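Chains as they are written, first to last, in numbering that gives the first Met the number 0: chain A, 0 to 250; chain B, 0 to 257.
Quick list of in silico lysine to aspartate or glutamate cross-link-like pairs, EDC-like style, CA-CA up to 16 angstroms:
{"hint": "1", "chain 1": "B", "residue 1": "164", "chain 2": "A", "residue 2": "97"}
{"hint": "2", "chain 1": "B", "residue 1": "164", "chain 2": "A", "residue 2": "90"}
{"hint": "3", "chain 1": "B", "residue 1": "158", "chain 2": "A", "residue 2": "97"}
{"hint": "4", "chain 1": "A", "residue 1": "64", "chain 2": "A", "residue 2": "4"}
Hints are computed from structural coordinates only; laboratory data are not their basis. This structure is a prediction, so every number in the text was calculated from the model and none was measured.
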Amino acid sequence: MNQLEIHNLAKFYGTKKVLKDISFTVRDGEFVSILGPSGSGKSTLFQMIGGITKPSSGTIYLNGKNINGKRGHISYTPQSASLLPWRTVLENVVLGQEIAGKKDLEKARKMIKRAGLEGFEEAYPHELSGGMKQRVSFIRSMMSPQSLILLDEPFSALDEFTRLDMQQWLLPIWEEHKKSILFVTHNIEEALFLSDRIIVFSSRPTTIKQEFSLPFPRPRDRKILLTDEFLHWKRKIYQSLSGDESEQLSK
Amino acid sequence: MNVVLKGWRPILVLILLIIAWEISCRLFNIPGWLLPAPTEIVQEMVSGWSNYNGHLLATIKLIIIGFLIGSSVGIFIAVCLHLVPFLRQAFYPILIISQNIPIIVLAPLLVIWFGFGMLPKIIVITLVCFFPITVSLLDGFRQTDRDLLHYMQMAGATKRQIFWKLEWPYALPSLFSGLKISATYSVMGAVISEWLGASKGIGVYMTLASSSFRTDRVFVAIMVIIILSLLFFLFILFLEKRIIRWKTGEEGNAYESA
Numbered sequence: 000m001n002q003l004e005i006h007n008l009a010k011f012y013g014t015k016k017v018l019k020d021i022s023f024t025v026r027d028g029e030f031v032s033i034l035g036p037s038g039s040g041k042s043t044l045f046q047m048i049g050g051i052t053k054p055s056s057g058t059i060y061l062n063g064k065n066i067n068g069k070r071g072h073i074s075y076t077p078q079s080a081s082l083l084p085w086r087t088v089l090e091n092v093v094l095g096q097e098i099a100g101k102k103d104l105e106k107a108r109k110m111i112k113r114a115g116l117e118g119f120e121e122a123y124p125h126e127l128s129g130g131m132k133q134r135v136s137f138i139r140s141m142m143s144p145q146s147l148i149l150l151d152e153p154f155s156a157l158d159e160f161t162r163l164d165m166q167q168w169l170l171p172i173w174e175e176h177k178k179s180i181l182f183v184t185h186n187i188e189e190a191l192f193l194s195d196r197i198i199v200f201s202s203r204p205t206t207i208k209q210e211f212s213l214p215f216p217r218p219r220d221r222k223i224l225l226t227d228e229f230l231h232w233k234r235k236i237y238q239s240l241s242g243d244e245s246e247q248l249s250k
Numbered sequence: 000m001n002v003v004l005k006g007w008r009p010i011l012v013l014i015l016l017i018i019a020w021e022i023s024c025r026l027f028n029i030p031g032w033l034l035p036a037p038t039e040i041v042q043e044m045v046s047g048w049s050n051y052n053g054h055l056l057a058t059i060k061l062i063i064i065g066f067l068i069g070s071s072v073g074i075f076i077a078v079c080l081h082l083v084p085f086l087r088q089a090f091y092p093i094l095i096i097s098q099n100i101p102i103i104v105l106a107p108l109l110v111i112w113f114g115f116g117m118l119p120k121i122i123v124i125t126l127v128c129f130f131p132i133t134v135s136l137l138d139g140f141r142q143t144d145r146d147l148l149h150y151m152q153m154a155g156a157t158k159r160q161i162f163w164k165l166e167w168p169y170a171l172p173s174l175f176s177g178l179k180i181s182a183t184y185s186v187m188g189a190v191i192s193e194w195l196g197a198s199k200g201i202g203v204y205m206t207l208a209s210s211s212f213r214t215d216r217v218f219v220a221i222m223v224i225i226i227l228s229l230l231f232f233l234f235i236l237f238l239e240k241r242i243i244r245w246k247t248g249e250e251g252n253a254y255e256s257a
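Extracted from the complex, chain B is given alone in its bound form (with noise of 0.2 angstroms):
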């Protein structure tokens, strides 16, 4: 409820933006290769619903497995970088520079060395996703609170007893964090690795799509990662809300920061 009464603003700035945008299309008798109408693309979006299924199955796919993967990748390297000093001064500036590698540049090596099959497609997905993951828990593991961290070690805890009973708990919430940048990443990670050669994806639709100039195609396909990512994010954020329950109402309360 309070979502959408708070979320009103940029609805309506939407709405707006789509009725300008259906009205210059009539107005101006813009071609429909060239930009469709947004009436033309719901219109297709429903009635091309069995072109695309099938695409967007193997899709979903994809992301599911290449973000469980990406994200458990993600949390190893972090929980290792953490717990062996030596290896994170040794791997977190690699890190980084992993990550100035565009993907789209590293695609077409990993199709080379790993060919077509699902493979590849995992790897991108892995390589776009365990960043973000990474390092948010990592910084959650950092901001343990020091207090909490003296009180367990002069009580005699063993370092496993740390780790378990407080610091992985203590970044949860960053991990969340993590989770969430990296959901929508692994849909935009999929669909460029379906670039790459795949039978059957949204990304294959998409440049079918586009190669055939049905650019009311592309849109759809557009539209379906837009609400895949949407879908995928509020699926992150549920679980969020599920797990960490004892977050809420900390922040009101005077106590804490006295």
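So here's chain A without its partners, still in its complex pose (with noise of 0.2 angstroms):
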């Protein structure tokens, strides 16, 4: 099934073009990465999922339902973790929850413990390094009751190493939780790493360029990330998203 289907979506603030003719489908638990150049939109795009802003024309379909302009139907994970600093960890992870109405604290504790996290339940955000508050807020969004998650540039903030360890922590606990994601990120290993599919944007005004379905096998292991299959995979991506780069040159 088609979880979030959008159909032609536009937005332009006065005559110029942020967004036009996008296109594209989530399925229910499929990881979906939005790969393009800073700049190209993608916020824009994730507000007008989530809600906060009225696209200027096309369709939004979650489960069937327009949802334009409506709040409330998807879980956002900002670029920053975002966390209530006047919240500990727990009362962070539960925020989605309270907002929808009940709180799970067991769950909520068993969510933090499978996190890593254990023993962190009562600490501050400002206690946690970078990548700890990432979780956090992840895992946040695994608690939220929406089944849509947005993931917008989550690790772009962080180093190669925490990037890189996240990545392999964020797979299993997606997997057990089989939410629907859809990610924005401007780093191709990553989005070759974790998605099922990525759709490449092109810079301003914002299309999509192409889409690929990826081969890999889930679970994933990092041992991936240098088969001869994957560096293909890579160049091919990389030509996809220069390509936009050399036809900007010639205009």
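Taking the hints as your guide, dock the two standalone chains into a single complex.
This is the structure we're talking about:
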């Protein structure tokens, strides 16, 4: 079943076109990455899916229902970990549930333990490292009642080692819970390692350039990063992305 | 401990100034009604305690009542202006104009309208108190983190949830900077309001002292006002430290800015 369906979405501010002809789907339990240069209107897209900005034209369906301009249907994880600094880890994790109405502290404790943050339940965000904050932010989304999670470059502020750790940490937890994820990144390797499908965006006005379905089986291991097949895909996507640049240069 | 270590320079300057004052008073034989020496002031402060403790209590009571009412009004106005954009546009400029009217000019009018009772005095304190609180709290609301706001909105939070779970706690540090300013202002406001006409209070004590050329007592009043302001300020600081525990060490966190 197609969970998220986006039809001919466009957004312009005045005469400035930010997004046009965006159509794609995210199936139930699927991990889809959006790969594109920075400033390619990805945050605008997320704001439209999240219902805080209305599209200029086009429709967004979630489970068959039109959710244009409607809030509360997705769980969003911004680029910065965005934890409430006056709440402990545990209280932050249940925030999404609290907004929806009921919290399950038992489950939250279990999730925190599963995420490797045992003993930090009562810690405040300023006592955590960047990677730990992102983990808390991610399990907050996992605990939220919404079945679609939007991740907006969640690892971009982390160093390379932490980033690799986080990717490996994220996959098993996601596989257990089978929520759909729409993931924005500008890191090709990250997109390849994590996703079922990759959608490549062009820069302004943003359109979909190409879509790739990846053949790598799950559960995934870090070893695939060095296989020939992985490198072949990396080249393919790199060419798709950089074609954009040469086009722009010739203009 | 840290405060004492860091604060030794201003304390040293203060002590030197007082010593210079004391020496020049003695050296030039300045009469007490013109400028009393610091030792004379301290002496009067100790021996005259029974003369002014009643005044002191009355002023403290007035400060506390005035500050509580003034800050409640300040918080109430800030919340209203924040939640209703129309009110904000309509009233914010008027608020600023209200601060350009000197309290000293307004005070006699308040006496004409409301008499010599408690009410005009509380109005004066409220007028000096509410503004710093309203302005800083409004600023705090406005600076609410955009990412967090988007997160809450997309998760379907109601306006009420956003206010109580995000905006209010986020603005608390700003509220406290407003409260700290207002705390010291309220002491000043109380003394000014007592000049209008009151039977008791440090303001009254001061007027009586200056009209009878008891300059030493005027200085005692000044000292008392300084001490009161400081104590009040420290009390708010203490409350802030107790309530806003999450702030500690945030600036030192390298990940925060990344």
